Amino acid sequence: MSDGERVVRGALPVGRLVGDFLGSSVGAKVIMALTGVVLWSFLIGHLVGNLQIFQAPDAINGYAVFLHTVGHGAALWLVRAALLGCLLAHIAMGMRLTALNRAARPIAYAKKKRLRTTPAALWMAASGVLLFMFLAFHLAHFTIGLVDPSSFGLKDAEGQMDVYKMVWIAFKNPVVVVTYVVAQFFVLSHLMHGTASLWQSIGVNHGVWTPVLSGVGKAIALFIFVGNLAIPVVILIAWGKP
Amino acid sequence: MSTQKNMNLTLQVWRQKSKRDAGGFKTYQAKNISPDQSFLEMLDVVNEDLIAKGEEPIAFDHDCREGICGMCSLFINGAPHGGFPGTTTCQLHMRHFKDGDEITIEPWRAKPFPVLKDLIVDRTSFDRLVQAGGYISVNTGGAPDANAVPIPKKDADLAMDAASCIGCGACVAACPNASAMLFVSAKISQLRHLPQGEAERKKRALNMLNRADQEGFGSCRNHFECEAACPKDIPRRVMAEAYRDYIEASALREE
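As you go down the protein sequences, you meet chains A and B in turn. Everything in the first sequence is counted per the numbering used here, starting at 82 for the first residue and increasing by one. Everything in the second sequence is counted per the numbering used here, starting at 94 for the first residue and increasing by one.
If you're looking for bench data, these hints aren't it; they were derived computationally from the structure. A hint or two may mislead.
[Said to hold, decoys possible] The calculated lysine to aspartate or glutamate pairs, modelled on EDC-like cross-linking and capped at a C-alpha distance of 20 Å, are:
#1 K192(A) / D137(B)
#2 K192(A) / E195(B)
#3 K193(A) / E195(B)
#4 K210(B) / D137(B)
#5 K295(B) / D139(A)
#6 K194(A) / D194(B)
#7 K194(A) / E320(B)
#8 K296(B) / D101(A)
#9 K194(A) / D326(B)
#10 K296(B) / E347(B)
#11 K193(A) / D194(B)
#12 K194(A) / E195(B)
#13 K124(B) / D220(B)
#14 K193(A) / E320(B)
#15 K124(B) / D156(B)
#16 K191(B) / D137(B)
Everything numeric in this text was worked out from a predicted model, so none of it was measured.
I would like the entire structure built from these sequences, with the hints used as guidance.
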């Protein structure tokens with residue numbers, strides 16, 4: 082813009098404003114942090130809802146009916162669409178940044194020490210890829226019913242979908258339990274770095290609040306880890322049939 | 094004077110004739126090294142030896158040798174400047190090593206820091222980052238009175254934390270992603286806390302961080318290896334400040 086020329090309001094298309102931001106490495110970081118928060122919040126809700134498996138069968142089966150019928154069934158699909166959007170954005174930005182970062186150091190060091198970073202931080206891309214693979218399996222297992230069609234779509238005495246029985250049958254199989262247990266370590270690893278570092282990414286660094294926020298994030302990550310482990314492990318070792 | 098005896102060391106040094114040469118490690122013996130010598134003085138001894146034998150001495154960057162110019166570099170045993178807190182290579186003393194130690198010495202590794210020769214890398218990409226916004230625009234003329242613009246002590250201290258950056262590039266060298274974020278953010282932070290820097294605060298963040306992307310530096314993933322490696326102990330806070338300015342500038346820009 083030449084000297085003295087007035088800035089014309091609205092002269093810059095919104096698409097370019099958004100595109101430039103998303104195209105920058107700081108913008109990508111911010112998107113990863115924000116979509117990460119959404120996915121993290123989902124994990125909390127997902128666990129709290131699923132812990133109803135430890136109540137009478139009616140609790141979780143009724144909860145499933147509620148999720149499928151609230152807002153005339155539209156709410157479930159809206160949430161699914163939002164989560165899918167966040168997941169895709171998170172993956173796309175992560176892949177782009179990982180590719181850029183690899184290109185930024187074409188020749189590796191012969192010897193490199195770890196100074197302050199953590200293994201969880203260094204393995205974010207790897208734990209992310211493994212998480213995605215587990216997610217695909219998990220959806221095929223309990224949402225689409227491809228893994229064990231015989232236990233999918235069962236009905237309980239009240240004619241509701243029998244989530245309780247489906248989960249109990251699944252976790253009586255040690256191979257399935259091992260898969261879920263191993264996946265929880267990737268979840269924990271990914272969350273340990275993600276929840277602690279997201280604040281820095283959105284520009285929040287404070288002498289008092291940053292350690293508190295990181296601590297709370299890690300505590301929630303541990304809660305998710307323990308809770309998610311409990312479901313398959315307790316079912317596997319519990320006496321009796323569903 | 095140190096009570097430690099003189100020592101003999103084995104060096105694995107990266108040798109590379111020119112920018113285009115593939116380069117590789119060569120082994121050298123550093124003999125009778127005093128614990129009171131600096132790391133660069135140890136290399137001087139090795140080079141004297143090489144010159145006496147008619148071999149090409151090891152090329153490395155250095156200037157003030159008192160830890161303030163930012164010229165010395167060297168990736169020593171897997172960390173920039175050897176990885177000791179608040180220490181540049183020129184201020185790293187040989188008392189930190191033991192007789193018989195093997196020391197690996199590499200140049201900084203980053204695409205925007207191409208190796209020119211042996212351990213010397215071209216760091217002019219840092220100059221271009223500063224040209225992109227690491228300044229304040231003032232009209233020339235008579236020097237303004239000192240303290241004409243009052244600055245609270247706290248703000249001056251925050252600015253000084255960042256202004257202690259010597260531009261050595263250890264942050265880039267240490268970063269798993271070869272990101273220049275700590276360097277760029279130090280310049281942004283140094284100026285943003287002062288009234289003289291406030292006018293161009295948003296434009297500066299936008300231009301400098303975009304320039305870092307264009308130069309081919311990696312992106313920050315919050316490993317904070319830079320903070321650990323920085324010989325001037327610049328805190329991670331400066332990067333959060335730079336992101337904040339960048340986000341604000343991106344959201345509110347009209348040109």
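To see whether the hints hold, each was checked on the structure:
Restraint check: the Cα-Cα separation between K192(A) and D137(B) comes to about 23 Å, which exceeds 20 Å; the hinted pair is violated. Note on K192(A) and E195(B): the hinted pairing holds, with a Cα-Cα distance of about 12 Å set against a maximum of 20 Å. As the CA atoms of K193(A) and E195(B) are separated by approximately 15 Å, the hinted pair is consistent with the 20 Å bound. For a cut-off of 20 Å, the pair hint linking K210(B) to D137(B) stands: about 17 Å separates their Cα positions.
Distance hint between K295(B) and D139(A) is unfulfilled; the C-alpha atoms sit about 57 Å from each other, more than 20 Å. Annotation: proposed proximity of K194(A) to D194(B) holds, straight-line Cα distance about 17 Å (limit 20 Å). A C-alpha spacing of about 14 Å is found between K194(A) and E320(B), which places the hinted pair at or below 20 Å, so the restraint holds. Proximity of K296(B) to D101(A) is assessed by CA-CA distance (about 14 Å); at most 20 Å being required, the pair is judged to hold.
A C-alpha spacing of about 18 Å is found between K194(A) and D326(B), which places the hinted pair at or below 20 Å, so the restraint holds. Note on K296(B) and E347(B): the hinted pairing holds, with a Cα-Cα distance of about 11 Å set against a maximum of 20 Å. A C-alpha spacing of about 17 Å is found between K193(A) and D194(B), which places the hinted pair at or below 20 Å, so the restraint holds. The straight-line distance between the Cα atoms of K194(A) and E195(B) is roughly 15 Å, inside the 20 Å bound, and the hint therefore holds.
Between K124(B) and D220(B), the direct Cα distance comes to roughly 38 Å. Violation of the 20 Å bound is thereby established for this hinted pair. Between the alpha carbons of K193(A) and E320(B) the distance comes to roughly 16 Å, so the proposed pair stays at or under 20 Å and holds. Taking the CA atoms of K124(B) and D156(B), the gap is about 24 Å. The hint is violated against a cut of 20 Å. With a CA separation close to 19 Å, the supplied pair K191(B) and D137(B) stays within the 20 Å bound.
In this structure, the earlier hints numbered 1, 5, 13 and 15 are contradicted, and the remaining ones agree with it.
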